[in-house]
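So you can see what is in the structure, the chains are spelled out below.
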Amino acid sequence: MRYQSQKLAREYFWAALPLFFLQVVFGILASIKYVWGFDPLLNSIPFNVARTIHLNLLVFWLLLALMGATYYMVADEIQTEIYSIRLARIQLGILLASGVAAILGYFFQWSFGMPFLEQPTLIKVVIVVGALIFLYNIAMTMFRNHHQLTGTTATLLGGMVMLAVMFLFGIPFMPNLSTQYYFWWWVIHLWVEGAWELIAAALVAWALIKLTGVSRRRVEGWVFAEVVLVLLTGIIGTGHHYYWIGTPHYWLWWGAIFSAAEPLPIMLMLVDAVRSLLKARTLATVNTMALAWLGASAFVHFMGAGVWGFGQTLPQINRWTHGTQITASHGHFAFWGAYGMLAIALMYAILPEISGRKQRNGAEGLSFSAFVCLNLSMIFMVMALLIAGIVQVYLQRVMGLDFLEVQNQLRLWLAVRLVAGGVFTVGAVLLLGDLYRLARPLPAAGSA
Amino acid sequence: MTTSRSILSVLTIISAVVFLGMTIDTLRKLPAQTHSDQISAQVVEGKRLWQHYDCNDCHTILGIGGYYAPDVTKSYTVRGDAWLRQFLKDPAAMYPTGRQMPNFHLTDAQVAPLLAYLKWVSEVDTNGWPPAPKGVARQEPAGHAIFLAQHCNTCHAIQGSGGTLAPDLTHEGSRHDQAWILDQLNDPRSHKADSIMPSFAQLPGTEKDELAEYLVSLK
Ligand code: HEM
Ligand code: HEM
Ligand SMILES: [Fe+2]
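From first to last, the protein sequence lines stand for chains D and F.
Mapping of the first sequence onto the working numbering: residues 1 to 448, in sequence order.
Mapping of the second sequence onto the working numbering: residues 1 to 219, in sequence order.
For reference, chain D alone in the conformation it holds in the complex (with noise of 0.2 Å):
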């Protein structure tokens, strides 16, 4: 770390990793109704409000951490301290601020109603602000030393603009709910498999570089190739969710030719990686932690979004497998390795550079066993939402049999789902102690 800035990265970090534990936590809560026939929270924490927080708790913490992330890559980038430190922190008061005031709401029916964006329309607002202050922040600090300017800080400035601009679509009410559903998935897919691969892939090159010592410019050129390939197949593979909205029917030609190509790009991530982890076995030192999370990450994130996606992507297979529990399954997959485990390597990466403590301090065991649990309890609660989702699929839809019967033959695996969901628990209880102990300042301070 050189520049004093950079802390902010810890700051957004510590604000980051509570609401991942609490958003596991409301998972937990979703995943036991669906085992236990009754209910006693139905009237205080009933399951929309469960799966609410869950995925506001989600979408926050993974913008928290890539913002973090952000700070302190865009002042290592352009070599400079970031333009205002007092603005950086004022913005995550405001985030803070407006998703905690959401939270307690959906507990008082306050709530828009949309999935994903249940934030009431001022709470909305207010985020806004707080990502316009977050854009200004970065712009002026590349403004400070623009001749430093970069392929990677400018994907990833461009991923943060899209970012906030796509959001604007999901704040008006529209009468027809088709219409609604047409740009909400603006959000939701051009920010999954859009702004978000433009800033994963941006964040990915950055540490790769500093991590493994890979040249820029390679890297960069795969950045290049991958970002075009990520837009050029993601913005008309929005049209694989306009296969039953209401949309005309050509969506189901356009939508399934382009997004069967998204894999595409997400396989290139893949490649990019494994030959940049290949490279790191020459180097002296190396951030073990950072690096592996970085490799798994980038294996998740091509089973996850890349093999589940295209899985379900064709309408002959969607027709039938449309808001099933197998979307459940890709929705998790897809997320936990594109975005969380991204998250998760940023912060290996970065925190022992803020903090002066070097990796291998003899606590390799907790590192080692927070990856281990986190990694292979999502598989577990990933195989089992799929075949949940498979068995509901033909009993549901190809049998005819009612939703609540076929309900309850997918209570074993949704058992299986709860019980991996207690181990991913005790990996996040691991990972948030492990992360503790690397962010520490070191006891004689003045390390630099």
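These are calculated hints, taken from the structure and not from any lab test.
Predicted model, so just to flag it, every value in this text is computed and none were measured.
A couple of the hints might just be wrong.
[As the list claims (entries may be wrong)] List time: in silico EDC-like cross-link candidates among lysine to aspartate or glutamate, alpha-carbon distance up to 20 Å:
hint	chain 1	residue 1	chain 2	residue 2
1	F	74	D	405
2	D	7	D	81
3	F	208	F	45
4	D	7	D	76
5	D	210	D	220
6	F	134	D	405
7	F	192	F	177
8	F	134	D	402
9	F	219	F	177
10	F	89	F	45
11	F	29	F	177
12	F	74	D	402
[Stated by the list, open to error] Label pairs and their computed distance ranges (CB to CB):
hint	chain 1	residue 1	chain 2	residue 2	range
13	D	89	F	16	31 to 41 Å
14	F	41	D	440	53 to 63 Å
15	F	27	D	260	21 to 31 Å
16	D	122	F	42	23 to 33 Å
17	D	89	F	91	40 to 50 Å
18	D	174	F	202	31 to 41 Å
19	D	96	F	27	31 to 41 Å
20	D	147	F	25	35 to 45 Å
Idealized CB from N, CA, C, for every residue including glycine.
Given chain D's structure and the hints, the job is docking chain F with the ligands onto it.
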């Protein structure tokens, strides 16, 4: 290198422009495909209530949302107005056991717009989704279909399939005649003062007749 870069960049920009063009075309065609002339003030109010109560994080609608509760895209067609009206006012009365929907204590003034909204959604042209099941197209008497559609089976079983909360109806025809059963449907409390069976008085007369005929036939 640079030329291939430029070509790719231009293609990407073209794809974004094409997407915007398709969006404009879709928005032009959407009113016909979704019968937007049917979106009355009441339907809009129904959508507002649907969002206010965050129904969408338990239920999917058009296949999007929470997977905990049934997709409601076709509920209006499958369950019918009368059943839904009664269900929304007191879900537990219709489904006393198992997975529950909270009672939102909806007033008549709220149920009506919600039903208008569900009716509108059920008529949206969804390119054939959800697909018709391929399985067991057993030949069933019409009355049995009503029995299932009205969810009598959450409480009653027939030939081993259904709930255990209420009497098994496998041999109902040898216990009661058609008139008695019609009374039971219209006012369960006429036979048992503290009956927990909901009244089905609002069902259309023909459906009640078919249902009663069917039950009488079960000897
Ligand atoms: C990192 C990238 C990705 C993430 C985080 C992600 C996440 C999600 C989530 C959360 C949903 C459920 C949305 C809802 O609530 O209805 C979803 C749906 C879907 N995703 Fe992805 N996804 C990613 C990439 C992909 C890719 C690359 C493909 C295709 C190749 C794909 C295909 C689909 C399809 C077809 C659906 C709709 C499922 C349905 O009909 O129910 N996804 N995705
Ligand atoms: C203990 C761990 C977890 C449990 C028990 C859990 C449980 C759940 C449940 C019950 C739902 C609602 C699905 C439905 O509507 O039926 C859900 C949704 C979701 N969760 Fe989790 N979750 C956990 C961890 C995570 C993690 C770590 C992530 C991402 C990094 C995640 C991402 C999501 C997403 C994207 C959805 C929406 C899925 C969709 O709409 O298709 N969850 N989760
Ligand atoms: Fe998508």
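Verification of the hints:
no., hint, in the structure
1, 74/F x 405/D, "holds (18 Å)"
2, 7/D x 81/D, "holds (11 Å)"
3, 208/F x 45/F, "violated (32 Å)"
4, 7/D x 76/D, "holds (12 Å)"
5, 210/D x 220/D, "holds (13 Å)"
6, 134/F x 405/D, "holds (17 Å)"
7, 192/F x 177/F, "holds (17 Å)"
8, 134/F x 402/D, "holds (14 Å)"
9, 219/F x 177/F, "holds (11 Å)"
10, 89/F x 45/F, "holds (17 Å)"
11, 29/F x 177/F, "violated (54 Å)"
12, 74/F x 402/D, "holds (13 Å)"
13, 89/D x 16/F: 31 to 41 Å, "holds (36 Å)"
14, 41/F x 440/D: 53 to 63 Å, "holds (60 Å)"
15, 27/F x 260/D: 21 to 31 Å, "holds (25 Å)"
16, 122/D x 42/F: 23 to 33 Å, "holds (26 Å)"
17, 89/D x 91/F: 40 to 50 Å, "holds (47 Å)"
18, 174/D x 202/F: 31 to 41 Å, "holds (33 Å)"
19, 96/D x 27/F: 31 to 41 Å, "holds (37 Å)"
20, 147/D x 25/F: 35 to 45 Å, "holds (44 Å)"
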